[in-house]
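In order, the protein sequence lines correspond to chains U and E.
Going left to right, the first sequence walks through residues 17 to 115 as this note's numbering numbers them.
Going left to right, the second sequence walks through residues 6 to 160 as this note's numbering numbers them.
Treat the hints with care, since some could be wrong.
Facing chain U, according to a computed beta carbon distance under 8 angstroms, are these residues of chain E, among others [said to hold, decoys possible]: (1) G42; (2) I77; (3) R111; (4) V112; (5) S152.
In silico negatives: residues of chain E with every beta carbon more than 12 angstroms from chain U [said to hold, decoys possible]: (6) S11; (7) R12; (8) V14; (9) R15; (10) V20; (11) M21; (12) V22; (13) F28; (14) Y31; (15) L38; (16) A55; (17) Y61; (18) E75; (19) M130.
Quick caveat, the hints were computed from the structure, so don't treat them as lab data.
Ideal Cβ placement from N, Cα and C applies to all residues, glycine included.
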Amino acid sequence: MRKIFALIALLVIFAFMILAVVEMRGEDGGFGEPVNTDMDDYFLEDSQPHNQVNNVVTAILFDYRGLDTLGEATVLFSAVSGVLTVLRKYQIKKLEVKK
Amino acid sequence: MNWKMSRVVRTVTDVMVVPIIVFGIYLIIHGHLTPGGGFQGGAVVASSTALLIIAYGSFRDYKKDFSSVESIGLTLFIFLAILGILLGATLFYNFGAGTGGLFGGRVAEGINPGYINTGGTVPLMNIMVGLEVTAALSLILWMMAKSSDSMEVEA
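Bound-form chain E, shown alone:
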């Protein structure tokens, strides 16, 4: 795409992209405490990609980057799931809950304000799914924008 939108749209995009990405990452890593999670947060982060494509138009070739991140996210998600079997339990077993390691804290019983270092594998899987969804939706948006542009120019 060789066109840009007006300076107003570009300035607002510059201001809004970082808060959108931060909010999406917040949704992803607080998935085990608040409403939200990997899918929703990934969609929010991918909307910043849509905003950038609409406002700026010209983009470098990010197809391989998005594709790699997507594949890595899905592969690590499946790896975490199978790690439950390898550690002597079932598929998707939460082997990290309450062990004291990464995300291994303990929650209080009943109603409590929540603590981010809890949940075992659930936050890790949220992050993996968030990576995958972000890259997948961004790749779809980027690919559609790029291909419609090429049809316009070369047809």
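Excised from the complex, chain U in its bound form:
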């Protein structure tokens, strides 16, 4: 019984996925064309006159999506904190040797 329900749910989700793919077309109605390109076009056109940066990827990483980069740097910082916490046994031993 559970397997039948799972199969029905899977088929419904699959049908919605197919529907979404069929609905998502370009402006001319053809497949394979980029859709929802407002943001991409803005970045590509704006990064040179506004940010004076040739590399659009870097402009997105450090200006438009700078908060995301800050999060990545914070993840690295917390990783270092975790390593130092796990390996603090070494520091404690060193202190005991000094005493």
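Let chain U serve as the given structure and place chain E on it in line with the hints.
Then chain E, alone, in the frame of chain U:
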């Protein structure tokens, strides 16, 4: 660590460490022109630390240095981000673009070969992130090497 690797490995390390560091710094400061940036360049520079630890083994206590550089890099990055608010715009606003100051040059529209003195705050943030990533990965490597050594000796 009290051991060293063979003379061959140490000589190759001596030859290769400086080009690796130079290439990493190139990746960091050309982040707004070429593929690469702070994270990638920092990882390249940190790989030279790994090479030195593997080849030479014995290291002085660099924990405080790496930790300080990491904290300074992250703090300056956040400071640059908040400076956008203080100068009357939003967080991470590129206040230095096209002003003529440091990294304040103008780029030509369209396809152009690129000029390093452009980009505003983007190259500065690249350098800060590069400092942070270099120090963080070096600190992780150094700490693991040192702690595994102490377990071996004192256990």
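Provide an ascending list of the numbers of those earlier hints which the structure does not satisfy. 2, 15, 18 and 19
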